[in-house]
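Heads up: the sequence lines are chains A and B, in that order.
Following this note's numbering, the numbering of the first sequence begins with 1 at its first residue and continues without gaps.
Following this note's numbering, the numbering of the second sequence begins with 1001 at its first residue and continues without gaps.
Any given hint might turn out to be false.
Unchecked claim - Derived contacts from chain A toward chain B, CB cut-off under 8 Å, selection only:
(1) I8
(2) Q241
(3) T245
(4) R249
(5) Y299
(6) Y302
(7) N307
(8) V311
(9) F398
(10) R399
Stated by the list, open to error - The following label-pair restraints were derived from C-beta to C-beta distances:
(11) A:L139 x B:R1064: 41 to 49 Å
(12) A:D286 x B:R1064: 47 to 55 Å
(13) A:N402 x B:E1029: 38 to 46 Å
(14) A:S69 x B:T1075: 37 to 45 Å
(15) B:G1051 x A:D286: 48 to 56 Å
(16) B:E1082 x A:G197: 52 to 60 Å
(17) A:D160 x B:E1029: 47 to 55 Å
(18) A:R332 x B:T1075: 18 to 26 Å
No lab work stands behind these hints, which were simulated from the structure alone.
C-beta atoms are modelled at their ideal positions from N, C-alpha and C, and glycine is treated no differently.
For reference, the chains in residue letters:
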Amino acid sequence: MKYSAAKIFLEGIFGNRGWRKAWREPQPKKNYDVIIIGGGGHGLSTAYYLSNVYNINNVAVLEKGWLGSGNIGRNTTIIRSNYLLPENEPFYEFSLKLWEGLEQDTNYNSMVSQRGVINIFHSDPQRDAFVRRGNAMLLSGADADLLDENALRKLCPYLDFENARFPVKGALMQKRGGTVRHDAVAWGYARGADMKGVDIIQNCNVEGFIIKNGVCSGVRTSKGDIQAKKVASCVAGSSSQVMSTAGIRLPIESHVLQAFVSEGLKPILDNVITFGAGHFYVSQSDKGGLVFGGDLDGYNSYAQRGNLPVVEDVCEGGMAIIPMIGRARLLRMWGGVMDMSMDGSPFIDRTHIDGLYFNGGWCYGGFKATPASGYCYAHLLATDTPHPVARGYKLDRFRTGNLIDEKGVGAQPNLH
Amino acid sequence: MIIPHPYLGPRDACEFVYKGDAELVFRPERVEPVDYDAFHDYLYLRQNPAGIHKELWYHEYGDRSWLVVTRNTQTHEILKVEFASNYISKQKNRKSNV
């Protein structure tokens, strides 16, 4: 069923009785060409691009809970491509271009809103670093605008420009960045994959892999064994747990990241504001809530909830840069489990076991990467060669010395 | 989280710096020929368990002791706290007895 304005109009006349379920609830078959473990944003987008671009339709997505119940449902919905390194920027720009066409591609309203992402700077050296980053973005075909203090005052008069510790001197802005309705991304990809025949199997926990003589030929699940030519793990947050059943140790720690929503307010923030120096970023949702976040809690956790010191720290960051938000009350907060890789960059690669593929290590930047991650993973699964923009995301890059250290601070699992 | 320090009693986790898996106290020896795989595994790979995890906490805003905290990563419950020096000597004894 194709969604359209005319369809909504007609259904309105006839009592909305013609809508059908957006995807089926199939039982698993015995055999698939590709099994994708994880029915979150990245898993569903992988299934979507496999079936819609690479014409591989005999695919199952296995999800232990319900569709989109992981980090695709728990993030702060920001999209941008303002990276520096040549391994990262083309990938994220590819992702942003896919975001721009997503709603037409999937025929699903994902509410892609290119409201602009503003990164504030406070000093000359920081301005220089942002100019360099902006130039790197332009070289990869992205957009970047340097705003001086006056231009920023016009856009965001509410910032604390005279802050004693972090006076606001300007910003790097990416106008094409913005926000997306995160759940709708998962639903749109699920529907698009399902229409091409992909089986999305919920409440199906993967308990292990079927591996013989270094070849993976399927998975053991709570719904029985399922055979597949290729098995693709896509479970960021739980990567270490799933891959440990194949005997693989990963360069990843799982950490908790908290996010927050205020009560609903009249429109006050037109853009996405990031205050890197104070580890705070914020945007306003269409319902009016201020959606904001900051740092990791900083210790290994699978708890999907954090502790109060970080709540205080994030709110202090907010008060420092946008004092007016102190008048808003905090409505909700939650935590998500992040695959924190050792250089802050992700993995899309084969493993040393034939037929077993790995996608993970997204740190806390996975949401914006959802379309490109799925596209590049589908490319790898279909062709057994890495997609040109995802060549750097190798699993063995720490062994070979090809780290993608966006922050330039060395091997730590708590970068970004 | 409240960390029960062996000497100082219950202390707010904010006073500590987290340094990750306690296995990091056992760095491979550098002997010729250098075992690069061992160093790679030591530096980059993690067990990252969902459940019981032994980890290093440094009491930076306190007595600057290194602690090994046994904590459940699924519930944040702290099960055991000991000085890292005691932990290391116990582990070394255990390993030499094996």
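Hints versus structure:
no., hint, in the structure
1, I8, "44 Å, violated"
2, Q241, "5 Å, holds"
3, T245, "12 Å, violated"
4, R249, "4 Å, holds"
5, Y299, "5 Å, holds"
6, Y302, "4 Å, holds"
7, N307, "6 Å, holds"
8, V311, "12 Å, violated"
9, F398, "4 Å, holds"
10, R399, "5 Å, holds"
11, A:L139 x B:R1064: 41 to 49 Å, "46 Å, holds"
12, A:D286 x B:R1064: 47 to 55 Å, "49 Å, holds"
13, A:N402 x B:E1029: 38 to 46 Å, "27 Å, violated"
14, A:S69 x B:T1075: 37 to 45 Å, "20 Å, violated"
15, B:G1051 x A:D286: 48 to 56 Å, "39 Å, violated"
16, B:E1082 x A:G197: 52 to 60 Å, "56 Å, holds"
17, A:D160 x B:E1029: 47 to 55 Å, "53 Å, holds"
18, A:R332 x B:T1075: 18 to 26 Å, "21 Å, holds"
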